[in-house]
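Student: Sequence:
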Amino acid sequence: MNLQIKAIEAIPHSITLGECLKDGPVTQVFICAFEGIKAVIRLDLPVSQTLGLDRYSEIELLKFVNDNKIDVTFVGPEQPLENGVVDFFELNQHPIFGPNKFSSQLETSKLFARYIMEKYYIPQPAFFELDIYISRSL
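Quick note, the sequence shown lines up with residues 1 to 138 if you use this note's numbering.
To be clear, the hints were calculated from the coordinates, so they are not data collected in a lab.
List time: in silico DSS-like cross-link candidates among lysine-lysine, alpha-carbon distance up to 30 angstroms:
#1 LYS101 to LYS69
#2 LYS101 to LYS63
#3 LYS101 to LYS119
Construct the entire structure; sequences and hints are all you get.
Tutor: See below:
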């Protein structure tokens, strides 16, 4: 079985992902890294680093995935998750690993996470919500 993977991720995490997968049925890993980062990735596994691909554009990412016949996509950074990239890929029937837009709030919204912890009696420091904005003058 040949498996191609796309990682929407930062370089260090993608290297770790590639290292974990190199002994399995994976034939190629594509990495959509932070803009402007170039890295030498030494794996026994062929890695194609895609530069210039907008990782915040779900349409562009899905087109790349379809054009390159990628079997599964892993998402790491918070922003694409918060924007709903997992929901978009699932809607277009492409396998993707990562939390959906609602669940990603556990990482992207500290207040959301606090309320979830409170609801399920997960120990945490006391907190309160403020409904004001304080402007800092220079």
